[in-house]
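Enquirer: Make a model of the complete structure from these sequences and hints.
Top to bottom, those sequences are chains A and B.
Using my numbering, the letters of the first sequence correspond one by one to residues 1 to 288.
Using my numbering, the letters of the second sequence correspond one by one to residues 1001 to 1457.
Since the hints were made in silico from the structure, they are not lab data.
Worth double-checking, as some hints may not be accurate.
In the EDC-like style, the derived pairs of lysine to aspartate or glutamate whose C-alpha atoms are separated by at most 16 angstroms in a straight line are [said to hold, decoys possible]:
hint	chain 1	residue 1	chain 2	residue 2
1	A	Lys129	A	Glu210
2	A	Lys129	B	Glu1341
3	B	Lys1355	B	Glu1256
4	B	Lys1355	A	Asp139
5	A	Lys103	A	Asp115
6	B	Lys1450	B	Glu1352
7	A	Lys233	A	Glu204
8	A	Lys154	A	Asp139
9	A	Lys135	B	Glu1352
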Amino acid sequence: MIEISPPSKKSEKNFTTRLESVDEFDRVETVGEMFVDRPKVSCLGVSVHYGDKQALFNINLDLGRNEVLALIGPSGCGKTTFLRCINRMNDTIEGCRVDGEIKIEGAEINHSDADVVSLRSKVGMVFQKPNPFPKSIFDNIAYGPRIHGLSGPKNELDDIVEAALKRAGLWEEVSDRLHTPATGLSGGQQQRLCIARAIAVNPEVILMDEPCSALDPIATARIEELIDDLREKFTIAIVTHSMHQAARVSQRTAYFHMGHLVEVGVTDQMFTNPRQRLTEDYITGRFG
Amino acid sequence: MTIYLLAAILLVSLSGFYIGKNRASALVVGARIQSLPQYHGLRIALWCGLPALFLLGLWVVLEPFVIQSLVRNSLPPEFFNLSGDEAILAMMEISNLAQGIVGTQSGLPYAEQAASLLISMNQLSDYAMIVVVSVVSLSALVVAQSKVTADFPALESVEKAFNVFIFLSSAVAVLTTVAIVLSLLFESFKFFEQVPLHEFLFGLKWNPQIAIRADQGASTGAFGAVPVFSGTLLIAFVAILVAGPIGLASAVYFAEYANPRVRDVAKPTLELLAGIPTVVYGFFAALTVAPLVRELGLSLGLAVEARSALAAGIVMGIMIIPFISSLADDVITAVPQSLREGSYAMGATQSETIKYVIFPAALPGIVGAFLLAISRAIGETMIVAMAAGLNANLTANPLENVTTVTVQIVVALIGDQEFDDPKTLSAFALGLILFFMTLILNVFALMIVKRYREQYE
Ligand SMILES: Nc1ncnc2c1ncn2[C@@H]1O[C@H](COP(=O)(O)OP(=O)(O)OP(=O)(O)O)[C@@H](O)[C@H]1O
Ligand SMILES: [Mg+2]
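Expert: Pasting the structure below:
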């Protein structure tokens, strides 16, 4: 008989007291290497409110060039919110306010004359839930190139679509039905389609919100390979709930907790030797 | 009399409810009970009420027939020698006498006696009714309340009664529709006996007025419905040209651009348009728009008739704007936010997103909205009656005077023709075709809208 032992009362108690102390966020300082040299994206003192509710507290975090940064943390801690700050996706949410400084290549993105359209064409995003347009597979991938005028003649567009699908590992599965509706794909295929769609416009930064949550291990491995590949040219931030994935693909990892950035570290170090008790609890599975 | 009886039944039901509820509550104290006390109460109330009400209704309906035939059978043989009309008159006199209305006395020897028989029978029937209905209601109370036990499934009986009730309600709705369609079909057949179907469907001349002149005979009336239908379609087309772009644009504005405060005020205001009685639109069309269109046309050197398809179409278009706008607004807001975000995240602007993502996604729903609006336009009467004209004119020129199916139906039924006159009957044939047209449009629209709904599921 297998016995599952309940978590010891003692550790839970300890944990709660710790949580309470974290709630007094004024005294919470992010521990670790949140800044890098020559950052691609740099965030300073970023706070986000949804109406009266504060979702992020004073986040300082850089995204380095050719780096994969993993964002981890329990559900609802603000990972998605943070990602959406970087391409100003929070603009579309009624009542959402973003404070602080976010710079890409030194240019403030929330500046009054910053162009949100060109920002978003530079910062691609893959959403937590796959959201293919109700168009054909081909038109989904061609959407970005078309609106940005990247495509010249027709066969150039064909090439872009093919290349994007190949990199996302979807080409073999869909090459014979490019002109069928994308909504007919399976969930995992749709997610890879969304990845292909994002990379088809050649962004500089790619934000991925749990891109593999609906994928099988093979497709996941392919996406991880792709991420590794993309790193050569792009900057990537990836939200994941899998410690293993974070360990495999990222160079640095940031741990969020209830809207606070608790710890940032070189991935290997952070997983072997977390500096904050909260991080350790999360990584070792005591919370989350 | 019946009113008091009704009240009495209600009273018995009500007391049945409380008796059942209390008895069942008393049971709860000791043991677990199969149904809640109020279900026991409700079941008893239904038993006390429904059979008695049914009996009462039946009685009220049948009583006059039964009594009348009884009285008639009691009359002496000379009554049965009377001719049909005379017999009816005699029966009327008897019933007048019974009600105390003393009018023209024809002096039928047996009238007096028959009237008193009628009165006594009516009284007897009333007493009998009271006794029977009360006995039924009260005995139901006694029997039903004796069944209140812990494990009696009162809930199920109530549930069954409720099922029967909603079944009957929907049956009434469905049967009414079927009956209307059947009567339409039946009357149309009578029309097509006089006017051949092909002449009606393909004839190019519509002039039912000739048919009333009996000396010329019905055959000279012209019943070619093509000009009538072309007029209908022409006006509907103008209407959709007006309402389509405006309705769609306002839907996009409300769904995508307007800030919530503007939306909260402006949208209901626009939807108010749908609440204006069509008669008001009608005189707005006839007195304001038609002269305006005419003047405008004349100043451009166009021959615009005083009543034109254009004027009627414009006003009808204004009338259906809210349909298109509010239906299209619904389908546009139903496009998932994630698609918008997906598009914005690719660096698309708002108008690009609307054009390339939202419209295509919402298109089936928008088409559905258009079709529903068109079928509404086709069925509209008052505006065209007042602003378009009565002349069945086969033309595609919106500046001319045309007529529509609905207007011709109205025209056909005004006046004092015989009811089997082809002119009158033509209303049913027109109605039938109109019914099929809107039916097909509606089915089509619903199919499209349904497919659209499934797309995101
Ligand atoms: N549109 C919104 N309006 C109001 N509150 C929001 C909105 N989006 C997110 N929040 C709140 O902000 C907090 C952070 O949410 P966020 O989506 O960033 O979490 P997350 O870390 O991505 O969680 P998950 O791992 O479950 O995706 C949550 O408490 C959430 O309730
Ligand atoms: Mg999230």
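Enquirer: If you test the structure against every hint from before, which numbers come out violated?
Expert: Violated hint (a single one): 6; every other hint is consistent with the structure.
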